[in-house]
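Colleague: The chain contents come next:
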Amino acid sequence: MDRREFLGWLGVASGASLLAGCDLTRKSEKIIPYLVPPEDGAIPGDATYVSSSCGECPGSCGVTARIRDDRPVKVDGLAGHPVNDGALCLRGQASLNRLYNVDRIRQPLMQDGSGQLVPGTWNQVLAKAAEAIKAPGEHALMSGRTSGSLNLLMDEFATRTSVRRLPEFELLSYAAVREANRSLFDRAVLPAVHPDRADVVITVGADVLDTYGHPVAFAGALAKKRDAGGHFDWYHVEPHVSMTGFKATHRVTARPGSEAFVLAYLLRAVAGKRAIDSRMTAHLQSVPAVDAARAEQATGIPAATLDAMATALAGAHHPLVIAGGVSTAQETGLDVARLAALLQSACGMLGDTVDLGRVGDWSRVGSLSDIDRLTTRLEAGQVGTLILFNIDPVAQLPDGDKFGKALDRAAFLVGVGDVMTPTLERCDVVLPLSHNLESWGDAEPVSGVVNAIQPAFKPLFDTLADGDILMRLMGEISGTAMPSYQQYVLDRWSRDYGASAAAELIKVGFISLPVNASSSATLREPDHRWSFDSAAPVKGATLVVAPSPRWYDGRSRALDLLNEIPDPMAAVTWGDYVSVGLETATALGVADQSEIELRAGGWSGRYTVRRQPGLARDVFVVQRGAGRPGLGWSRTSGEANAVAWDVSVASTGMKKPVGIVSGSLFDDGRGMVPGSHPEHFGALGRITKEHAHGGGHEMKREDTTFYPVPNYPHYRWAMAIDMEKCVGCSACVAACYIENNIPMVGLEQHLKGREMGWIRLEPYYAEDGSKLDTVPAMCQHCDYAPCEPVCPVYATYHNDEGLNAQVYNRCVGTRYCGNNCSYKQRRFNFFSYEHREHPLNLMTNPDVSMRGKGMMEKCTFCVQRIRKARDIAKDENRMIEEGDVTPACVQACPGKAMVFGNLLDEKSEVYQWAHSSRSTRLLEELGTSPGVYYLKKGNGHDA
Amino acid sequence: MVKRIINAAIFGYFALFVALTLALGFRWHTQRKAPEQPINYSHEIHVGKLGLECLFCHTTADKSTFAGVPPVETCMNCHVGVKTESPEIQKLTKYWNDKEPVPWNRVHRIRIRNHVYFSHERHVKKGIECAQCHGELGAMAKVRAVSSLKMGWCVSCHEAEGAPTDCLICHK
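Respectively, the protein sequence lines represent chains A and B.
Okay, so the first sequence: first residue is 4 according to this note's numbering, each after it adds one.
Okay, so the second sequence: first residue is 220 according to this note's numbering, each after it adds one.
Pulled out of the complex, with its shape left as it was, chain A reads as follows:
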């Protein structure tokens, strides 16, 4: 063609591309008013709050649900609650995902005769269940741990319908600890602990910051302890690695199965230095003698470390010893628990740091010996109807398949739950459960504390609350009309607690009652034969199945959010992975993303390798919920075994990628860990250069930068994070995801490095695996942000309050800003994530806009919350004050490690922290002058 024709075609082509920009499909928008204004006076655009109780684990922290547009959009800890005091762990934050889970069972289901579960109505399924229960036979009900009104109602149910209540099923049952306390103190309880009173803490296996007991309470107590100052030493002994171990002062690796030797040695060493009575002497004489040499030989722990532990313990005024986790979930587990209890008694911890009076109600929780008995009865055809109430034994038990087959022998199975599980699949009828936020009820996290469970709105689907299911079943069986569970609960509160306490339960969300049980106990006569010293020695490779900080015992794996958020130690999101030590990996010839096969006893499983610094040679760690390693259970304690040895490990030669979202496990000298380059940085933008020769050469910022000094007239929003208090739990990450409508993108995108979390915990290990620093990193809101000058459309700029602003409308998606960010904290929407499937589309905070495809997003310091505070402050004609604004991450933190506020306010907490001697900033030498201050880990406790 000639030039004229070419130009003609060029015009056509450019014109055509213009047409593509037209949007002719805009339909008219509707405004739907109320029919009648809401009776609580709620104004559209304003939030109301309801106090309730978290149900994601048996801990039952107090929560407050923020309700916008007639639905809960955020769950936070209840401020002032005796257990969690305003903080909430990542599983609690993600419990909102459980409410809006796409996989929720939406209506009752029943078997259609051909093995399929088909939808039915409540009348149908209740009629079938009632018929099965009224039929002759031995009927039983098994639930998870219950407390409060639900427990009472279940007793009533059992009495009225002659359905027997079986021991409650919890995989992480603390059976060893409870049995130890029973045999030694006649109190079969899981005691509360007071680490804020302790000066020396020794934990053996108990992952107190991950899943053991009340991790949020423990982290909060640690924060209090660190604030109060004074001596504090914490030794954590474990055969594998855990976040708890890395956050302790000293992490001590013991050979798997040898923890009892550590405790036996400590008991001997301490007893020699403390006054003990004759009964304790009798116990000590029964314990096999373990001196330093024998302990070192058995455990692999250097004698010097053991001696240091013994000295610390002996010299402590308020020691605290806790055994649990994987150390009590093995053949020698009961011995470990008993030795720890003996130590508690010998050192006077009972009544001081260990409280036998203030306990969680685990009295009805059974152990695997009860499951064993049930399995035998099932296989013998002795069980009629079995009601499986919100538990998933088939997925969680070590020999879950065997239990599943046994279940099929029951005459009739009634399942209650909220998502389809391997247990519910086998049931004849499935009664769908409402979420805590759709139900009435109560829960008792520890004795003396009662949480109200109050609904935030009406159930989304055709589901019923747990108490209502029981009421309806009772009504169907007896033929009489039963009251609603709401009525039952309210009546009980008035009856058992009095009218004013009942009113407080509704208004505040919890009440505290006096505890009558004694916090200490006397030792009984020794009646136990010790077996730990004659247990078969460990040989070969060891597999440890650890409780998961993200999934607990595996129950929370059903929530997409808890797969999207990386494990804080391994930085892995989606997929089943096995933690392999660095040396072990080299020896096996595998690297990250390689697949290996593990065989233990009759079980085998394939997992992807993720290298884990600090893990001992030939120890492999898999988390509960990742596959189902069948390691059997201990006949002495009744706990599911968490440790198996003589495991055969072989590389399959294949690669099976899991979502590893960390670039490097190590800091590699880059200075990403705050305070790791002390020779470069000082606090607050005063770049101090100290040369090796000739003293200090201080340069003020004005001298060394050509950028104008920023001028903030009223506020400079800044954040400070105390690395000492951060426990690496990722609650901040989960809170941010929910508050800011961050999309969940899945494994494929994670493999391309496209995770969307605005705040992330970056794990950096020391080269030898002896230390872990988890750096919570988000947009640093730098004074001289590298991302701001490079935006071609001025979509990101620095506003006059110190925030690095991102204007979504303007962003055209060049991604230059993301490229320039020195901290790599910008996230790009490669796809359109605005439309979520129902009901997940309801899990959106209306205060934060959903970003479209092609937009860059990042942490905004929760500008929507700043906005809300400014509105209130303007109405009251004042400035925004300290405490008015709390970003989601700061609010969630169990360790109270983050503060936020106005740096220009010299009385604010962030100002105090930023001016502390431990204060530093990330990558200070780049001159970005970030708005986030990190208090580096220090030996002292000066603020």
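Hints in this document: simulated from the structure, not taken from any laboratory.
Beta carbons are placed, not taken as given, at the ideal position from N, Cα and C, and that holds for glycine.
Worth double-checking, as some hints may not be accurate.
What the hints assert, rightly or not - Beta-carbon label-pair distances, calculated as ranges:
(1) Trp372(B) to Pro41(A): 54 to 62 angstroms
(2) Gly749(A) to Trp372(B): 35 to 43 angstroms
(3) Asn296(B) to Glu837(A): 33 to 41 angstroms
(4) Arg246(B) to Pro711(A): 42 to 50 angstroms
(5) Ala379(B) to Pro711(A): 24 to 32 angstroms
(6) Asn296(B) to Pro711(A): 54 to 62 angstroms
(7) Lys344(B) to Tyr37(A): 21 to 29 angstroms
(8) Glu380(B) to Gly816(A): 32 to 40 angstroms
What the hints assert, rightly or not - With a straight-line Cα cutoff of 25 angstroms, these simulated DSS-like cross-link-like pairs (lysine-lysine) come out:
(9) Lys131(A) to Lys408(A)
(10) Lys33(A) to Lys310(B)
(11) Lys33(A) to Lys313(B)
(12) Lys361(B) to Lys33(A)
(13) Lys871(A) to Lys268(B)
(14) Lys33(A) to Lys345(B)
(15) Lys344(B) to Lys871(A)
(16) Lys318(B) to Lys33(A)
(17) Lys361(B) to Lys268(B)
(18) Lys310(B) to Lys268(B)
(19) Lys877(A) to Lys313(B)
(20) Lys33(A) to Lys369(B)
(21) Lys877(A) to Lys345(B)
(22) Lys227(A) to Lys899(A)
(23) Lys318(B) to Lys461(A)
(24) Lys222(B) to Lys877(A)
(25) Lys871(A) to Lys282(B)
(26) Lys369(B) to Lys856(A)
Claimed, not checked - Stretch by stretch, here's where chain B covers chain A in the computed footprint (C-beta under 8 angstroms, at least three residues):
(27) 8-17
(28) 324-331
Once you've looked at the hints, dock chain B against the given chain A.
Modeller: Leaving out everything else, chain B in the frame of chain A:
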């Protein structure tokens, strides 16, 4: 021959463009017209003749980000007895009896609403009269948008009145 066809095609193409522009212009004009509403509610009667205050019905305009429209109950407070013979009132009563809220068609729309935050409360509390942005509702039988509600229009008033023009104020 071929050349003539190509010429005709190019001419036709650009003519199509001109036609499209005219069509869009016509559409723009109709956008400013009052949309049809399910009930022919007349501000002229209620505000102009009867003298109802804006905040009597639009109660949340000075309390919340959204002014919204009143709940159907507010209408029924009077119209359970007033002028019940009018066909429009009968439509209203039918919505009320069916327990169905009236699906009004939105008149004041910000085009790319997703990333814009506008707080009625802030503006009302600043003392801005409703009529400044919404026009003389008392003279309108049917509500139509008198302002373009485009960003430039918002910014011009912000600049004139000394209100903040920081991006984050609206694009938070």
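Colleague: Evaluate each hint against the coordinates.
Modeller: Hints, one by one, checked against the model:
The beta-carbon spacing between tryptophan 372(B) and proline 41(A), approximately 33 angstroms, falls outside the hinted interval of 54 to 62 angstroms. A hinted range of 35 to 43 angstroms holds for the C-beta pair glycine 749(A) and tryptophan 372(B), which are about 42 angstroms apart. Taking the beta carbon of each, asparagine 296(B) and glutamate 837(A) are about 39 angstroms apart, inside 33 to 41 angstroms as hinted. Between arginine 246(B) and proline 711(A), the C-beta spacing of about 47 angstroms keeps the proposed range 42 to 50 angstroms intact.
Against the hinted window of 24 to 32 angstroms, the Cβ-Cβ separation of alanine 379(B) and proline 711(A) comes to about 28 angstroms, which satisfies the hint. In this structure the supplied range 54 to 62 angstroms holds for asparagine 296(B) paired with proline 711(A), their Cβ-Cβ distance being about 59 angstroms. The given range of 21 to 29 angstroms is respected by lysine 344(B) and tyrosine 37(A), whose C-beta atoms sit roughly 23 angstroms from each other. In this structure, glutamate 380(B) and glycine 816(A) meet the distance hint of 32 to 40 angstroms, their C-beta atoms being roughly 34 angstroms apart.
Annotation: proposed proximity of lysine 131(A) to lysine 408(A) holds, straight-line Cα distance about 22 angstroms (limit 25 angstroms). For the hint pairing lysine 33(A) with lysine 310(B), the CA-to-CA distance comes to about 18 angstroms; that is within 25 angstroms, so the pair holds. A distance of roughly 19 angstroms separates the Cα atoms of lysine 33(A) and lysine 313(B); the hinted pair therefore holds under the 25 angstroms criterion. Proposed proximity of lysine 361(B) and lysine 33(A) is supported: the alpha carbons are some 16 angstroms apart, at most 25 angstroms.
Between lysine 871(A) and lysine 268(B), the direct Cα distance comes to roughly 38 angstroms. Violation of the 25 angstroms bound is thereby established for this hinted pair. At most 25 angstroms may separate the alpha-carbon atoms for a hinted pair to count; lysine 33(A) and lysine 345(B) exceed this at roughly 28 angstroms. For the given pair, lysine 344(B) sits about 15 angstroms from lysine 871(A) by alpha-carbon distance, which is consistent with the 25 angstroms threshold. The suggested pairing of lysine 318(B) with lysine 33(A) holds, with an alpha-carbon distance near 17 angstroms, which does not exceed 25 angstroms.
Of the pairs offered as hints, the one joining lysine 361(B) and lysine 268(B) holds, with about 15 angstroms between alpha carbons and a cut-off of 25 angstroms not exceeded. Among the hinted pairs, lysine 310(B) with lysine 268(B) is consistent with the structure: their alpha-carbon atoms are about 22 angstroms apart, no more than 25 angstroms. Restraint check for lysine 877(A) and lysine 313(B): not satisfied, since their Cα atoms lie roughly 43 angstroms apart, outside the 25 angstroms limit. About 20 angstroms separates the Cα atoms of lysine 33(A) and lysine 369(B), which keeps this hinted pair within 25 angstroms; it holds.
Our distance criterion of 25 angstroms between C-alpha atoms is met by lysine 877(A) and lysine 345(B), whose separation comes to about 10 angstroms. Between lysine 227(A) and lysine 899(A) the alpha-carbon distance is near 9 angstroms, which keeps this suggested pair within the 25 angstroms criterion. Between lysine 318(B) and lysine 461(A) the CA atoms are separated by roughly 18 angstroms; this keeps the pair inside 25 angstroms, and the hint holds. Using a Cα cut-off of 25 angstroms, the hinted pair lysine 222(B) and lysine 877(A) is violated, with the two alpha carbons roughly 70 angstroms apart.
Restraint check: the Cα-Cα separation between lysine 871(A) and lysine 282(B) comes to about 13 angstroms, which is no more than 25 angstroms; the hinted pair holds. Restraint check for lysine 369(B) and lysine 856(A): the C-alpha separation of about 23 angstroms stays at or below 25 angstroms, so the hint holds. With a threshold of 8 angstroms between beta carbons, the proposed coverage of the region 8-17 of chain A by chain B holds, since 4 of its residues qualify and at least three are required. For the region 324-331 of chain A, the stated coverage by chain B is not satisfied: 0 residues place a CB nearer than 8 angstroms to a CB of that chain, which falls below the threshold of 3.
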